[in-house]
Amino acid sequence: MEIHLIRHTAVKNMDGICYGQSDVALNDDFLLSFETIKTDDHYDEVISSPLSRCTKLSDFLTFDYQVEPRLKELNFGKWELQEWDAIDRNTLQSWSEDYINGAPPEGESLQAMEQRVVSFLEEIFEKHPNGKVLLVTHAGVIRIIISHINKTPLTEMFSIKVGFGELLKVKWSKNEFNYEN
1 MEIHLIRHTA
11 VKNMDGICYG
21 QSDVALNDDF
31 LLSFETIKTD
41 DHYDEVISSP
51 LSRCTKLSDF
61 LTFDYQVEPR
71 LKELNFGKWE
81 LQEWDAIDRN
91 TLQSWSEDYI
101 NGAPPEGESL
111 QAMEQRVVSF
121 LEEIFEKHPN
131 GKVLLVTHAG
141 VIRIIISHIN
151 KTPLTEMFSI
161 KVGFGELLKV
171 KWSKNEFNYE
181 N
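Going by the UniProt record's numbering, the sequence shown opens with residue 1, and the numbers climb by one from there.
Keep in mind that the hints are not guaranteed to be accurate.
Think about it this way: if two alpha-carbon atoms lie no more than 27 Å apart in a straight line, the pair counts; the simulated DSSO-like pairs of lysine-lysine are [claimed, not checked]: (1) Lys171 with Lys127; (2) Lys12 with Lys132; (3) Lys132 with Lys169; (4) Lys161 with Lys132; (5) Lys12 with Lys56; (6) Lys78 with Lys171; (7) Lys151 with Lys171; (8) Lys132 with Lys38; (9) Lys56 with Lys78; (10) Lys169 with Lys151; (11) Lys169 with Lys127; (12) Lys38 with Lys56; (13) Lys56 with Lys171; (14) Lys12 with Lys38; (15) Lys38 with Lys171; (16) Lys78 with Lys169; (17) Lys56 with Lys132; (18) Lys171 with Lys132; (19) Lys161 with Lys171; (20) Lys151 with Lys161; (21) Lys161 with Lys12; (22) Lys78 with Lys12; (23) Lys151 with Lys56; (24) Lys56 with Lys169; (25) Lys127 with Lys12; (26) Lys132 with Lys151; (27) Lys127 with Lys151.
Derived CB-CB ranges, DEER-like [as the list claims (entries may be wrong)]: (28) Glu97 with Gly131: 36 to 42 Å; (29) Leu92 with Pro69: 23 to 29 Å; (30) Ser96 with Lys171: 30 to 36 Å; (31) Asn130 with Glu106: 38 to 44 Å; (32) Leu31 with Lys127: 27 to 33 Å; (33) Arg89 with Thr36: 38 to 44 Å; (34) Lys127 with Lys169: 14 to 20 Å; (35) Asp28 with Leu81: 16 to 22 Å; (36) Glu83 with Ser159: 35 to 41 Å; (37) Lys171 with Pro105: 36 to 42 Å; (38) Gly77 with Ala10: 19 to 25 Å; (39) Gln115 with Gln82: 24 to 30 Å; (40) Ala10 with Asn150: 24 to 30 Å.
Since the hints were made in silico from the structure, they are not lab data. The beta carbon of each residue, even a glycine, is placed where N, CA and C say it ideally should be.
When you get a sec, could you build the whole thing from the sequences and use the hints?
Written as structure tokens, this is what we have:
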């Protein structure tokens, strides 16, 4: 199976702001960014996160696509759209010490996110074991997919660099894995 993963392009004025599943706007020049993304001409299936920062890109690419909620970014719960500096230091410190199993207040843990992303990934693999799919999604989802396929622990997922608007190509069989960007 070949999976092409595209991270949405840069978002508007979100430096220092905690956002995951919030539907934040893209930069004003997002159309220029879209034009630099080169995809293949054919996919067996194209699937997008339902957040507008992904569906706008999917619309631009002019593929027929499906929307999949399991492709959303991490849910930061009560921290969504808060300045990182405004979040209670003790609560943030506690979460950062166990971000795999711990969750922000009313949010989800990285482990819970991994479970939803992997359940989706396994369904896609069963549906298209020898096919090619395009996923338009978020950095966290892309890192989890690559970590899962490569059998890398979640504690190392942040070493996987995924830039805004970046396309990664993953080739995956049950016995083999490689990716390129």
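Query raised in the report: Between lysine 127 and lysine 12, is the straight-line Cα distance small enough, at 27 Å or below?
Result: violated, 36 Å
Query raised in the report: Is 36 to 42 Å right for how far apart the beta carbons of lysine 171 and proline 105 are?
Result: holds, 39 Å
Requested in this report: Sort out whether lysine 151 lies within 27 Å of lysine 127, counting only the CA atoms.
Outcome: holds, 21 Å
**Report entry** Hint consistency between lysine 12 and lysine 132 [alpha-carbon to alpha-carbon, up to 27 Å]
**Finding:** Cα-Cα ~31 Å, so violated.
**Report entry** Pair hint outcome, lysine 56 versus lysine 78 [Cα-Cα no greater than 27 Å]
**Finding:** holds, 26 Å
Query raised in the report: When you check the alpha-carbon spacing of lysine 171 and lysine 132, does it fall within 27 Å?
Result: Holds, at about 9 Å.
Query raised in the report: Given the proposed pairing of lysine 38 with lysine 56, does the C-alpha separation stay at or below 27 Å?
Result: Given that 27 Å is the threshold and the Cα spacing comes to 16 Å, the pair holds.
Query raised in the report: Is 36 to 42 Å right for how far apart the beta carbons of glutamate 97 and glycine 131 are?
Result: At roughly 41 Å between Cβ atoms, glycine 131 and glutamate 97 fall inside 36 to 42 Å, so the hint holds.
**Report entry** Holds or violated: lysine 56 to lysine 171, with C-alpha atoms at most 27 Å apart
**Finding:** Roughly 26 Å separates the two Cα atoms, so the pair holds.
Report task. With respect to the beta-carbon atoms only, verify the hint that glutamine 115 and glutamine 82 lie 24 to 30 Å apart. Result -> holds, 25 Å
Query - Given hint lysine 151 paired with lysine 169 - CA-CA distance at most 27 Å - result: Roughly 17 Å between the alpha carbons, so the hint for lysine 169 and lysine 151 holds.
Query raised in the report: Taking only the CA atoms, is the gap from lysine 38 to lysine 171 under or equal to 27 Å?
Result: With Cα atoms ~18 Å apart, lysine 38 and lysine 171 stay inside 27 Å; holds.
In terms of the numbered hints stated before, the structure departs from hints 2, 6, 16, 23, 25 and 36, listed from lowest to highest.
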